[in-house]
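Please assemble the complex out of the two chains, which come individually in their own frames, going by the hints.
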Amino acid sequence: MPTFAIVILVLFSAVLAGIVVVRPAITASRAGKILAFGVLFFLPLFSLVAGMQNEMQRSESTAFCLSCHIMEPYGKSLHIDDPSYLAAAHYQNHRVPADEACYTCHTDYAMFGTFEAKLGGLRHLYIYYLGKPPLPQDIKLYKPFNNRECLHCHLGARSFEQGATHNADPATLPAIKANALSCISSGCHDVVHNVGRWGDKVKFWEGGS
Amino acid sequence: MRPSDPMSRKLRVSAIFVITGLFVEALCLVWSKPIAFVVLVCIGGALIGLGVLFFLYSLVFATPHTTDPYRAAPDK
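Top line first, the protein sequences correspond to chains A and B. First residue of the first sequence? That's 1 in the working numbering, and the numbers climb one at a time after it. First residue of the second sequence? That's 1001 in the working numbering, and the numbers climb one at a time after it.
In short, the hints are calculated from the structure, not lab data. Don't be surprised by glycine CBs; every beta carbon is placed ideally from N, CA and C. Take these hints with a grain of salt, some might be off.
Heads up, simulated SDA-like pairs for lysine to any residue below, C-alpha to C-alpha not over 25 Å straight-line [claimed, not checked]:
id, chain 1, residue 1, chain 2, residue 2
1, A, K118, B, I1043
2, A, K118, B, C1042
3, B, K1033, A, Y126
4, A, K132, B, I1035
5, A, K33, B, F1061
6, B, K1033, A, G131
7, B, K1010, A, A28
Derived DEER-like restraints, expressed as beta-carbon distance ranges [to be verified]:
id, chain 1, residue 1, chain 2, residue 2, range
8, B, A1062, A, A5, 16 to 22 Å
9, B, L1027, A, D169, 54 to 60 Å
10, B, P1006, A, F115, 21 to 27 Å
11, A, H106, B, L1027, 27 to 33 Å
12, B, L1027, A, T165, 31 to 37 Å
13, B, L1053, A, F115, 21 to 27 Å
14, A, V21, B, F1061, 18 to 24 Å
15, B, L1027, A, G199, 40 to 46 Å
16, B, S1032, A, C153, 24 to 30 Å
17, A, A178, B, V1060, 54 to 60 Å
18, B, F1061, A, H152, 48 to 54 Å
19, B, L1027, A, V22, 19 to 25 Å
20, A, R95, B, L1053, 46 to 52 Å
21, A, N93, B, V1060, 58 to 64 Å
Computed footprint of chain B on chain A, listed as stretches where at least three residues anywhere in the stretch have a Cβ under 8 Å from a Cβ of chain B [to be verified]:
id, stretch
22, 10-22
23, 31-40
24, 43-55
25, 59-69
26, 119-131
Isolated chain B (complex conformation) (with noise of 0.2 Å):
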């Protein structure tokens, strides 16, 4: 898989959102003030929740590998 793949892409940008909402969520509980938890939740569980969607949904919808050699192979 090249880093320039649809689907190298979407890993990325998934695991962006998962490490953006992951380190909100660090940030969170070591902060303590009441507003933490709506934080945490809202934007923490937000950007965690669009990241793991977002991973879903390259499964789902990825396109297979035309150039797989095991595919490309004639049968025999």
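So that you can see chain A by itself, here it is in the shape it has in the complex (with noise of 0.2 Å):
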């Protein structure tokens, strides 16, 4: 449901109620009781939870992530115009949705992946508004990236089953599946958003949104 359709809901909800509170004697017929339950019981909690809902959808948006100011550079990260830069490559193609670029590769591909991201996202908030936030170049995940979000995508897939490096030694596939040899810091994609290590002479690509 989109978001301005929530927020009519909401207001006329709110309306509603209000005739209860101008006018509650209305509540002594049935009609009347029909609408109190209605207007204080069922469109009110339908309301909060398409709220949420709605929220939560926005929570991986990449505007989302990159409404914190820790957050800007790696949102520039996204636009540097280097395809050894992971990130930007992916984003740039849109090997990931460039609407919920963050998301798609910080969350878990496990059973309660999505509930630990938002946990995740919770912790932040904290760090953000009430504790001391780190500088953007020392933000550090908060364990190893896991190859299991990366395969997600590029298992089964032509250009990461056949290609030429994953295949030079019989053991490097199987072990990148095991997540035994990391994608990304193993010395081969290890360039991902390397914020406040760019340098003087790096481009941003001038496209996208």
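Encoded structure:
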């Protein structure tokens, strides 16, 4: 449900509840009782669930992640005009949905991955507003990046399964699939965001949103 | 039901909680900051929840009308 539709529903519910405040006597009739049940039980709970679901969905958007000041360099790194930058290459070539770029790579594709990602988000909020946020270049992942997140899309893809480097050694591909050989920290795809280490020669792609 | 009835007062209080919660929710939905979600759940959700619970409480513990003409009528 689009945000404006939920806002209209919420305001409509508030107006109906206002009728009960102004004229509580209408609840004496059967129709009034039904109205009271609707506006004081069903509609508020429905509006709350719809609003929370909308916010949860919004929290997966790239714009949401980048709305924190501390994340700005990470957003900028998506526009680096250099295909060796993993995040930029994925974002600019739509290997990940551009409007959910952060979430697509940084969620955990396990059973409670989405839930854990949301809890992580709450922790970020706590640190951002009540704690001492680190400098953008000092931000570290809570745990090493799991190949599972890459393989969620790349597993079975021809470029991955039959790639020359992946097949140069017969042990490489099984090791990647078993997460024994990291995609991003074993010297293969280790240039990801590299915030704080761009240097002066880095160029930025002007396209995209 | 007169506005001064205990039931009317309870419905009003419940509706005021719900309305306040709904306005907080509406503001959070148009406020595009990460903290909006926390405000929506912690303040908006709490106010709406209180309103709904108070409404249910008022229904469960509503006192029957002793002046109800149908109840007051003698058996035939």
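Enumerated hints in conflict with the structure, sorted upward: 8, 10 and 12
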